[in-house]
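Novice: Sequence:
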Amino acid sequence: MGVERIDSRATPLRHSTDATRHERMVELLRRVDVLSPLREYELDTIARHCEFTAFVRGQVIFTQGSAADSFHVVDRGRVGIITVDHEGADAVIAHIAESESFGEIDFLARSPRSATALADVDSVLLGFPARGHSPETIFREHPYLWGGMLYRLLGVIAGRIWHVNRLLMEKSQWLMDLRKQLLRDKMTGLYNQVFLKEDFVNLLPDFGKRAALLMLKPDNFKDINDRYGHEAGDRVLNLMAIFLQSELGENDIGVRYRGDEYAAILPGAGKDEAVKKAKEINAAFRTMSLSRIIDSGEERIRVSVGIALYPDDAETSAGLVTAAHRKMSGARSAGGNRVLV
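Residue numbers (the working numbering): 30 to 370.
Note that these hints are calculated values from the structure, not bench results. All the given hints hold, so there is nothing to weed out.
DSS-like, lysine-lysine: derived pairs with alpha carbons at most 25 Å apart:
1. K300 / K226
2. K238 / K226
3. K215 / K226
4. K238 / K308
5. K300 / K238
6. K251 / K308
7. K215 / K251
8. K238 / K305
Cβ pair distances, simulated, as ranges:
9. G161 / Q210: 29 to 39 Å
10. D301 / F272: 17 to 27 Å
11. T112 / G299: 44 to 54 Å
12. Q93 / V150: 19 to 29 Å
The beta carbon of each residue, even a glycine, is placed where N, CA and C say it ideally should be.
Generate coordinates for the entire structure from the input sequences, incorporating the hints supplied.
Specialist: The structure is reproduced here in structure tokens:
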């Protein structure tokens, strides 16, 4: 199929203030799969080397075979991913919607672009790195960024191998060991976002007729992290993981979803059991002493919890995650320190 292309110069954009622009950059970067192991201050570092750019409908962002020297997240609009088929014609193989990323795998693998990208409609993209910034220089100055992104890229690739070659994986012990490592959060030891996105769906049929997913986020963690530093913040997150796991039953599953967000999977739980467990977890966090981590012995963690029920709220793992996260956000918007079901 033919695709109309416009090769005009892209236009860098600025938000109303530097602060709002930076906050939006971090928000978008947080949704990029390969950036999920990174902490808030690491995302801040990446954001400082990003820029927003406007593309008009039909404008080429990059071409197949070109050097993969950047990746992008769609802030507004939509991007088409195009490759050349066996007859030499353009074929659209994917559409990238708002808040979705593209180009990061070729970028991290340092391989030529595997496809062409162009704006389906007038669009605004977040790009890393900004023009004039060298990725090699950035990663030399911040090697932990490169390591974290490569670690997650390995997880993405392993996840795809898992779905295509499940039988082989089950028979290959070393691959199974690798998979176990990729499903665990390095800092807390809990299951991670990869597990919730990729393996949770395979467990749903084993849960029987019902299950519940709890999404938890501390209302005041950012204040503690900003006031006492990232090292103290990491210790608080570890302590939260310990307290969360201690409140879960033998068959329940604790997950560090992303950043300071946690999840708990409760097989066989209905609404009443899920609400009871959520309140118990919230109460446990309120009793958690931070005196060995921060100067103030009075500081306590307050948590907002969202609950999604299977199959009442959703019949898929992705739907449950979305529903529980939406309710958690609603609990925070309502003042926090509460459970919303």
